[in-house]
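2 protein chains.
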Amino acid sequence: MTRFVHPATEDITLSGVLSALADPNRLKIVQGLIGQKEVMNCAAAAPCPDMAKSTLSNHFRVLREAGLIRTTKKGVEHQNTVREADLNARFPGLLKTILKHVDG
Amino acid sequence: MTRFVHPATEDITLSGVLSALADPNRLKIVQGLIGQKEVMNCAAAAPCPDMAKSTLSNHFRVLREAGLIRTTKKGVEHQNTVREADLNARFPGLLKTILKHVDG
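From first to last, the protein sequence lines are chains A and B.
What the first sequence shows, in my numbering, is residues 1 to 104, in sequence order.
What the second sequence shows, in my numbering, is residues 1 to 104, in sequence order.
Since the hints were derived computationally from the structure, they do not count as laboratory data.
Because the structure is a prediction, the values reported are computed rather than measured.
Worth double-checking, as some hints may not be accurate.
Just so you know, same-sequence chains aren't split out, so a pair can sit in one copy or run between any two.
[To be verified] Cross-link-like lysine-lysine pairs, in silico, DSBU-like; alpha carbons within 30 Å at most:
{"#": "1", "residue 1": "Lys74", "residue 2": "Lys53"}
{"#": "2", "residue 1": "Lys74", "residue 2": "Lys28"}
{"#": "3", "residue 1": "Lys73", "residue 2": "Lys96"}
{"#": "4", "residue 1": "Lys28", "residue 2": "Lys73"}
{"#": "5", "residue 1": "Lys28", "residue 2": "Lys96"}
{"#": "6", "residue 1": "Lys100", "residue 2": "Lys53"}
Here chain A stands alone, though its shape is the one from the complex (with noise of 0.2 Å):
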């Protein structure tokens, strides 16, 4: 069984934040997410349709571990929603005020 490593809220680090989001393929993800109403799957929420899959998968992996995002399996769909509400508990407004200056 896969297991997805998901910190609490109050291990959420700013340098951690910063860090998973720090790559503009992984603000494009966060923002894709972040737009949309339903969870998403990992392939639905690729920053470009050409991007190998274990590179796609990296990504998420990074913005799990940082808590950006949270995973959860449905059949063998990998699920993804982000964690607004723990990281506005966290980092108030961080999140908003990062991805309001990502490009297009």
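Mind docking chain B on chain A? Use the hints.
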């Protein structure tokens, strides 16, 4: 002669800024510099007194190349200031929001 690399304001990138600040020591350096009215030399802006000079120097280089600080040479000293106006022009509110969440 030492030449310092300072990106133009329009060349400062979001991922570059986040990456440079994704290190607790560099966050402390920027926080320390911004709290000062005077420019500071590298030693005075060190996040901890026992940090190796080469490590400190590397942190300053990363911050400088990401567009976070400006370094000038005065005699044998390197003096540093945070490029607050440039950063606010490029990414309004970003630096302030990030620094608000630095512990201690």
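How the hints compare with the structure:
no., hint, result
1, Lys74 x Lys53, "within (18 Å within a copy, 51 Å between copies)"
2, Lys74 x Lys28, "within (23 Å within a copy, 42 Å between copies)"
3, Lys73 x Lys96, "within (27 Å within a copy, 37 Å between copies)"
4, Lys28 x Lys73, "within (22 Å within a copy, 39 Å between copies)"
5, Lys28 x Lys96, "both (13 Å within a copy, 22 Å between copies)"
6, Lys100 x Lys53, "within (27 Å within a copy, 37 Å between copies)"
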